[in-house]
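Participant: Turn these sequences into a full structure, and let the hints steer you where they fit.
Chains as they are written, first to last, in this note's numbering: chain A, 1 to 114; chain B, 1 to 115.
Among the hints, erroneous ones may be present.
Computed list of lysine to aspartate or glutamate pairs in EDC-like fashion (alpha-carbon distance at most 20 Å, straight line) [what the hints assert, rightly or not]: (1) 36/A x 18/B; (2) 67/A x 26/A; (3) 57/B x 68/B; (4) 17/B x 63/B; (5) 56/A x 103/B; (6) 57/B x 44/B; (7) 68/A x 16/A; (8) 36/A x 44/B; (9) 56/A x 69/A.
Worth flagging that the hints you see were computed from the coordinates, not collected in a lab.
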Amino acid sequence: GEDVEQSLFLSVREGDSSVINCTYTDSSSTYLYWYKQEPGAGLQLLTYIFSNMDMKQDQRLTVLLNKKDKHLSLRIADTQTGDSAIYFCAESIGRGSTLGRLYFGRGTQLTVWP
Amino acid sequence: GAGVSQSPSNKVTEKGKDVELRCDPISGHTALYWYRQSLGQGLEFLIYFQGNSAPDKSGLPSDRFSAERTGGSVSTLTIQRTQQEDSAVYLCASSLGVGSTYEQYFGPGTRLTVT
Chain A
1 GEDVEQSLFL SVREGDSSVI NCTYTDSSST YLYWYKQEPG AGLQLLTYIF SNMDMKQDQR
61 LTVLLNKKDK HLSLRIADTQ TGDSAIYFCA ESIGRGSTLG RLYFGRGTQL TVWP
Chain B
1 GAGVSQSPSN KVTEKGKDVE LRCDPISGHT ALYWYRQSLG QGLEFLIYFQ GNSAPDKSGL
61 PSDRFSAERT GGSVSTLTIQ RTQQEDSAVY LCASSLGVGS TYEQYFGPGT RLTVT
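Facilitator: Structural data, given as structure tokens:
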């Protein structure tokens with residue numbers, strides 16, 4: 001199946017790093033994504049990583065992918081109160097009739113304390 | 001338009017009534033997706049359109065759910081004889097094409113409450 005698992009909650013102090021973890025089951029995933037959802041808003045794509053990469057860095061965001069363990073993480077450096085939101089991990093299998101479908105985890109609620 | 005828009009933003013309906021949810025994708029986006037976000041199930045894929053056709057309807061939870069897209073633009077998701085378990089936020093997304101390389105842009109969602 002295409003199960004994507006995340007822990008539900010994470011709390012950090014402002015200025016610290018946050019690490020949000022995700023595991024997935026389908027080894028044929030082509031892309032893996034991190035989305036952010038702020039209250040009352042839709043999902044915003046933060047970053048993504050292709051399955052043949054190990055790491056991707058984009059300003060304060062670092063994505064690490066361990067294909068052997070099917071583990072994905074998102075590290076946010078110097079976390080700010082504005083980073084408080086729900087973060088979703090998602091995978092794309094990208095084949096056949098499921099080409100367009102994304103499979104999401106349940107989301108991790110990140111709370112940043114001042 | 002500037003982004004994906006959905007209407008209504010909130011809908012409260014009585015059990016057994018039919019509802020229609022609307023999605024206006026970003027102009028020029030050929031692919032359109034419907035997802036459902038609920039407390040019990042997280043974010044679930046429902047259906048996607050490539051142009052006006054729907055190659056993958058397997059996420060629709062029952063035959064009470066249907067969706068259509070006309071003119072390669074606006075889509076409506078219809079839920080007949082609504083049940084309380086249909087209460088959720090229904091999200092629409094669009095992308096330039098279908099496939100992993102195309103970013104899906106999400107609308108703000110329609111919050112449906114069935115009483």
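Participant: Which of the listed hints are not met by the structure?
Facilitator: 1 and 7
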